[in-house]
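Peer 1: The task is to assemble the complex, starting from two chains supplied on their own in separate frames and drawing on the hints.
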Amino acid sequence: MSENRPILKMTGIHKRFPGVHALNGVDFRMFAGEVHALMGENGAGKSTLIKVLTGVYPIDGGEVEWEGRPFHPRSPLEAQQAGISTVYQEIHLCPNLSVAENIFIGREPRKFGRISWRAMNRAAEALLAERLNVKLDVTRPLGSFSIAVQQLVAIARALNISARLLILDEPTSSLDRDEVNRLFAIMRHLKRQGLAILFVTHFLDQVYEVSDRITILRNGRFIGEYPTRELPRVELVQKMIGKDLDLLGSLPKRTPPSAGGERPFLQAAGLGRKGGVEPFDLAIGSGEIVGLAGLLGSGRTETARLLFGADRADQGKCFVEGREAKLDSPRKAIDRGIAFCSENRKAEGIIEDLTVRENIILALQAHRGWFRALSRRRQEEIADEYIRALDIRPADPEQLIRNLSGGNQQKVILARWLLMNPRLLILDEPTRGIDVGAKAEIQRLVLSLSEKGMAVLFISSELEEVIRVSSRVAVLRDRRHVRHLAGVEIRQSAIMQAIAGG
Amino acid sequence: MPFRWRNSHLFWPLAALGGLLLINLLLKPEFFAIRYQNGHLYGSLIDILNFGSPLAIVAVGMTLVIATRGIDLSVGSLVAISGAMACLTISRGADQQSLHLVLGAVLLALAVSVALGLWNGLLVAGAGIQPIIATLILMVAGRGIAQLITSGQIITVTSKPYHFIGAGWLFTLPFSVYLAALVFLFAAWMTRRTSLGMFIEAIGCNPAASRLAGIRSRSILLAVYMFCALCAGIAGLITSSNVSSADGNNAGLWIELDAILAVVIGGTSLAGGRFSLAGTLVGALLIQTLTTTIYMLGVPPEITLVVKAFVVLAVCLIQSPSFRRAIAARGVPRKPVASRQEVSRHG
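Read top to bottom, the protein sequences are chains A and B. Per our numbering, residue 3 is the first one in the first sequence, and the count goes up by one each step. Per our numbering, residue 284 is the first one in the second sequence, and the count goes up by one each step.
With the rest of the complex left out, here is chain B (with noise of 0.2 angstroms):
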């Protein structure tokens, strides 16, 4: 019985993405082929998979932010942050091509996210203050912090080793995509297999019933507060990685947005309560999978956005069960009682 009911909530979500390659399957079959060479695998799916990998991280971050009924808005310029904080580490060094420099500067980098996640968790958890507004603050300071850790400039960097992170080939696939299932894979031990995720749903779900029943909230949203700015660190690293220079401005922009989304697509609610990371992970594949769709159908750059707007409407309807319903009963007029039978079964 539980197993169905988890299968039921990540069904809407894959059937989109399903629907979204059916899509490439007709219109461009070469979406589907993957080539083999130099021990590296190219093709349109690798580069979901490899370009999609910052998103996904960030997404499983904030899954579990929004689980405790919290948003974190300030991933983006977290992004911008930890990738400038790298760059600058580096290109004062002496040797850009020192293993050692290149991983202080991403434990630094790393260091510095987590700091800012402390202090997002310590003004909604200590503070009390709406998350929405706590990590507004970050969102929009933490550009500023970032455009004075480059001086306003796009920092360019030739660290072979520090490129890797974002460009390297492991086993033939990219290095960001283990780095990304690495995190999915810690994210999901770390709530799954510890009570961390039941708590974090209780705390979502009611606050005040859990601090009865003596949940430490308050360690459990920095905790949370600070694993989402790890996870943008990470992302901000990949992405500042995978073209060498950081750039404070570009950096991670409207990246908390398509975060959100994925989540949301995800079937993890706004409303905080029952998470599904696995969700959040199909939502973000489902994002960049749209994304690449648009470039690889030649999709006019004025009216992309348009038309990501679009689908993203038509996945967010298909998901609303009262949508759905609507369109049954639309389908059945003049029966009311045999379509209601219908959609109790849903319920």
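Chain A extracted, bound-state conformation (with noise of 0.2 angstroms):
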């Protein structure tokens, strides 16, 4: 790596939101040809520099030289054409164009001044089979691609707009182990073009697998630069979280309820949609967390809809404390006593224009009906005791939500559910796009809600997350449940053979 001259230098920079002090004279700089992470915790002020960098706000204090020159991008567009460009955690593409259409957005390949069609979309094949190693049929809509490809997409976006500096937001939090490598490996053949990437992410083994270089930021302010080499995962963690704990280590272990003798909570027989997921059986008891481990696209969501309604079952039959329930939509689902937190939390989770506050008594407002409306004291009562119940940030109900971090917004949500005080709660991915503090915090709330008798149905990516909180596991693969796994039984190895179909 070369220690010549840093082609981004921020110094001192500063942000202020209404009431949020998002960057406190934050330091930080990159180097040509080097993966640079950017660490710390839901509302360390990482996303805000990425946008005040980008030029989506402008800074308030500070100082920032590109290429040796000051620099000051009104807007993405602006910093874009200097060279810097954006892959967002979440997906800013429009659905319902082609991918080719998405890829080259703006900046069409033009015959006599009109778009040649046939062009960008063999330009758009090549650049994916190329540089991502993937095979799409470009003309179809964005929208009909699950969301890892979508993410390919933007990051081809990205590339081939001639970007100097490559800012990755959360990439890999939907992409799937080969996805993973695959990134991975484009990642190193970028850097070693002289690219240089600015990556942020909460897997700590890929920030040491991928990375040379971190900054660590905490509540706004700047903590520190290392080499990766140089910085052990502990430390790296207790600079993050400021704390001397290792918190990812002090989950109780606990004994699983007896599977017998008990009538399950809800029991599915033979449910099953076409096109989503084949028939499966599952049983989920009070007081036990039932893992869904499996690949993305392999049925996990699809399951969960089913359950709470949100998609209809086409086939097989869904009991509730041994009844027969027809769950064919969400609010029989709720007035049944199920809760169901989405992994798409910006399309299905939050009400951007709505408050704080609003945004957590929905639920119970909507179960209880438009006319028995909630006091504006009994609101700010429920709010503020789940703002302090989940440590949300800002502790502000009047905020809008659009305004919070994405942890913070999946707090956000998951109070509006706890408030349900539901008898099964559906948590798909709840940790998704969550730092490591946030992610043991709900990982132990979600042990202490089951030990008070509540249901869970935990779905995430992560197996090790899965492996910890779960008393047993349904293991899915191409849309089939293909495995139950209970007790010692849960190891990393039976499932990853359940899922690679051993």
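There may be inaccurate statements among the hints.
Stated by the list, open to error - Not the full set, but computed from the structure, chain B residues with beta-carbon under 10 angstroms of chain A:
#: 1; residue: Arg-476
#: 2; residue: Leu-479
#: 3; residue: Phe-482
#: 4; residue: Gly-487
#: 5; residue: Leu-495
#: 6; residue: Gly-556
#: 7; residue: Arg-557
Derived from the structure by calculation, the hints contain no laboratory data. The structure displayed is predicted, hence computed values, not measured ones. Glycine included, C-beta positions come from ideal geometry on N, C-alpha and C.
Peer 2: This is the structure we're talking about:
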């Protein structure tokens, strides 16, 4: 790595929002040809730093130097033209346009002023094949592909712009292991070509696998910059959360409740949906945590949506407390004490225009009906209680939820459902895009809820997480429930084997 | 904090209204004159309230529809249908002065309006047709229905009780002003004292998430389209009663566009979500003040629409944050950092 001159140098950056000092004197620099990991908990200021760098927000103080010159982008477009392109955590593409159109939008190849569709499609295919090593029908609408593929398209779009700095904000949170490996291969390849890559992730393994250097932020402050090789993991975690605690190690070991005897809270018999998930049997007892493991697109989310009535089952039956229940709408599921946190926080979880308070009470109020409104005072009490209990930051119930970081939005959605005091809580990727500290918090919360008698269906791409919290695990492969594991059977090797189909 | 935020939404519409009044104050001071005669108040300001009330009522209903990410183009036709229905019933009655007859006619007209609102709602919430298309059907067909009711003629009535709705006076003010106030207060109460307002905003902002949170979006959509149609029905009664006749062709013509404009000027986004009934009221008053001002200033009739268009354009530009930012940036050239800090305080 060349230690001569950084291509990007940010010094003493300040950024304030109403009530939040999001960046407080942050220093940050990048060199050409390195992968630089930006680490920090939720709300540490990572996203804000990126948005300031890419011209989404103006800075309130400090200096930015890009390729040796002062740099003040007024818009993402200006930053892009200067050579800084970004792939955000949430995909910012148009699902109704084709893959090729998404890649070339705004700079379509033209012929006599007309867009040359054939040239565009061919260029898109070549780009995806050569640099990402994926083959897609680029004329199909983007929305018809899985989130993982959409993410790859977003990266392809950023790659295509003549970038010298590529920012990847949580690029791997919805990719499976193979796709991650492929992405890392691409990143190393680009690095060798002299591209600087800013990489934001919550997966520590990935940081150590691919990054050369780490910058750590905490509560909007600069904590330090370290070569990855010289920073032990434990130290990294300590610096991120500012506590000398091995958080992830302190989960209580518990014995699974006895399987026999009691009638399960919810039982699915041959439940299935064409094009969603093959018919499956599944039982979840009160006080039990059932994990769903499997690769992305293996039918985990589809299973959850059937049990919540978000999608209608076209075969099989579902029993709640022994009686048959027709769960054909979310309302009916909610009435029976089922709650569901979707993996797609932005599209299916938060209501951006509403405040934190309103987002928290939404499901309870919908359950009560529009006429029996909770008094404003009661709403505020509830909001304050859950903001404190889940440590939602900033602790302002009247803040619009769109101003919160991803992890805090997740906590608000969690609060919405905990408030309903459900009998069965379905959590689809509750820790996706969330930092280590909050992750452990949520895992511990899930355990304590189940100890109080709540049934939990826990879906996660992280195998260790599923293993840690679950008393039983259902493994899915290719939209089919292939294996159920309980107690001592729940081991990484066994699950991996089931997923791989050995 | 939340209070300041709400107020800032009302700031620009109020400023535009204030500016318009200021122009009147400078050019035509008699604009503000109010006379007291025979127990009634007269003057341009009273006229604005009086003639603006149908628009204000329609715009209140429109606000809620727009907040759900919808739009209702059929309100103009509903105005015509409601007036035609009432006038037809009264003209067929034995004694036009009978209060019972007028009450029956009014209820019938409003019931027909609500039923047509239900039709709109079913097309949108039940059949899943895009609101602009769903209500376009009734916008076109509704004019035909109104003309069918009046057999293509203008029905004239002589009923005194009916005339009171749109031309009567109560406690020194025109009766229609009370109707508008009643509709506004009812809508405000329904949306802010119950949870209806929050549900409407949730549906408008994120329908998928609202469904997963257990909100009955279908019944709320039905209710909102029915309420909007009811508002149009009331406005139709005022309009036709004011002139004691029903004109299927021209009653309520283009009022849907003025109503949509009032909603947008009031700060409610056409993309749905957060809405402001107070803003809509200011928007409706602004449009009516503009119309009155143009008459008062003696603008030649053939260019009144052009003048109106320019004022509306100016109001919309003033309200656009990015336009204000561009103006501010031109004012302070060559110092990008300072000017952007200025702007960021709004964000």
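Peer 1: Now tell me if each hint is right for this structure.
Peer 2: Going through the hints against the structure:
1. Arg-476: holds, 7 angstroms
2. Leu-479: At 5 angstroms from the nearest chain A Cβ, B/Leu-479 passes the 10 angstroms test, so the hint holds.
3. Phe-482: At about 6 angstroms, which falls below the 10 angstroms cut-off, the nearest Cβ of chain A leaves the hint on B/Phe-482 intact, so it holds.
4. Gly-487: holds, 8 angstroms
5. Leu-495: Holds, about 5 angstroms.
6. Gly-556: At 4 angstroms from the nearest chain A Cβ, B/Gly-556 passes the 10 angstroms test, so the hint holds.
7. Arg-557: holds, 5 angstroms
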